[in-house]
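Enquirer: Generate the whole structure from the sequences, applying the supplied hints.
Going left to right, the sequence shown walks through residues 43 to 227 as the numbering used here numbers them.
None of these hints come from the bench; they were simulated from the model. All residues carry an ideal CB built from backbone N, CA and C; glycine is no exception. Any given hint could turn out to be false.
Claimed, not checked - In the PhoX-like style, the derived pairs of lysine-lysine whose C-alpha atoms are separated by at most 20 Å in a straight line are:
1. K77 <-> K173
2. K58 <-> K87
3. K77 <-> K87
4. K77 <-> K51
5. K45 <-> K77
6. K91 <-> K58
7. K45 <-> K87
8. K136 <-> K180
To be verified - The calculated label-pair distances, taken between Cβ atoms and stated as ranges, are:
9. N131 <-> N200: 27 to 33 Å
10. I59 <-> L133: 39 to 45 Å
11. P60 <-> L114: 41 to 47 Å
12. M43 <-> N199: 22 to 28 Å
13. E88 <-> G170: 25 to 31 Å
14. N55 <-> Y119: 15 to 21 Å
15. K121 <-> N55: 25 to 31 Å
16. P135 <-> W61: 30 to 36 Å
17. T120 <-> G98: 42 to 48 Å
18. N199 <-> T120: 39 to 45 Å
19. K173 <-> L114: 14 to 20 Å
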Amino acid sequence: MDKIEILTKNFENYIKIPWTDAAALQRVIFSVYDKTIERRVRLRKEEFKIATIKAGHTWEEFDLTDIFASWLTSQRYTKEYFSNPEYLNTLLPKFLEYIIKEFETFLSEHSVDGNTVVAVIGAGTLFGFLKVREAVEKMAPLVEGRLLIFFPGSFENNNYRLLDAYDGWNYHAVPITSDDKADYI
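Expert: Here it is as structure tokens:
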């Protein structure tokens, strides 16, 4: 089996476990994979959806890939930020607010409930602008079911590292990796 097949199988084995009440941050699942296979994971994300539906849950997908571009072009002084990108630092705190507002709208429009897996793809596009942890901490309480983060990076010693670049952070989420053994057991 290749790494994506193992990742999908580990997710399938986890998602079919009966859900119990848990705190918001404990309902988060990180699907962690090598950053070099990001495009292949995106091509095969339907396999995660199939596993979710087979386990009796619904699936909704929120894509962060173009969210920075959408946000920046909605700003009043967009051209000035392109001319002087150093000014973006003063504006970046509002980027997280924009993401959360878009996420809330998405949840409302898709009638997400406690039986839904909300998959977030494109977390790598946040690199350099904000930490995934910051977004997850705001998103998790909004999802009654499970929040699945497709995470190009690594998980080692209970630490997550986006694109293997940031110093990791210790997190309460369930890690699903492409290792032959399941990390959530």
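Enquirer: For every hint, state whether the structure bears it out.
Expert: Each hint, compared with the structure:
Between the alpha carbons of K77 and K173 the distance comes to roughly 16 Å, so the proposed pair stays at or under 20 Å and holds. Distance restraint check for K58 and K87: the Cα-Cα separation of roughly 17 Å lies within the 20 Å cut-off, and the hinted pair is therefore satisfied. With a CA separation close to 15 Å, the supplied pair K77 and K87 stays within the 20 Å bound. Distance restraint check for K77 and K51: the Cα-Cα separation of roughly 19 Å lies within the 20 Å cut-off, and the hinted pair is therefore satisfied.
With a C-alpha separation of about 12 Å, the suggested pairing of K45 with K77 holds against the 20 Å cut-off. Taking the CA atoms of K91 and K58, the gap is about 12 Å. The hint holds against a cut of 20 Å. Under the criterion of a C-alpha separation no larger than 20 Å, the hint pairing K45 with K87 is consistent with the structure, at around 13 Å. For the given pair, K136 sits about 13 Å from K180 by alpha-carbon distance, which is consistent with the 20 Å threshold.
Checked against the hint of 27 to 33 Å, the C-beta distance between N131 and N200 comes to roughly 31 Å, which is consistent with it. Take I59 and L133: their Cβ atoms lie about 42 Å apart, and the range 39 to 45 Å holds. One distance hint, 41 to 47 Å for the beta-carbon pair P60 and L114, holds here, with the actual separation near 43 Å. Our hint of 22 to 28 Å for M43 and N199 holds, since their Cβ atoms are close to 25 Å apart.
Checked against the given bound of 25 to 31 Å, the beta carbons of E88 and G170, roughly 29 Å apart, stay inside it. Restraint check, N55 to Y119: a C-beta distance of roughly 49 Å breaks the suggested window 15 to 21 Å. Evaluation of the 25 to 31 Å hint for K121 and N55 yields a failure: the beta carbon distance comes to about 50 Å. Between P135 and W61 the CB atoms are about 34 Å apart, so this pair conforms to the stated range of 30 to 36 Å.
For T120 paired with G98, a C-beta distance near 45 Å keeps the hint of 42 to 48 Å intact. Remark: the range hint 39 to 45 Å for N199 to T120 is upheld by a beta-carbon distance near 42 Å. Under the hint 14 to 20 Å, the C-beta atoms of K173 and L114, about 18 Å apart, fit the expected range.
In the structure shown, a violation is registered for the earlier hints numbered 14 and 15, in ascending order.
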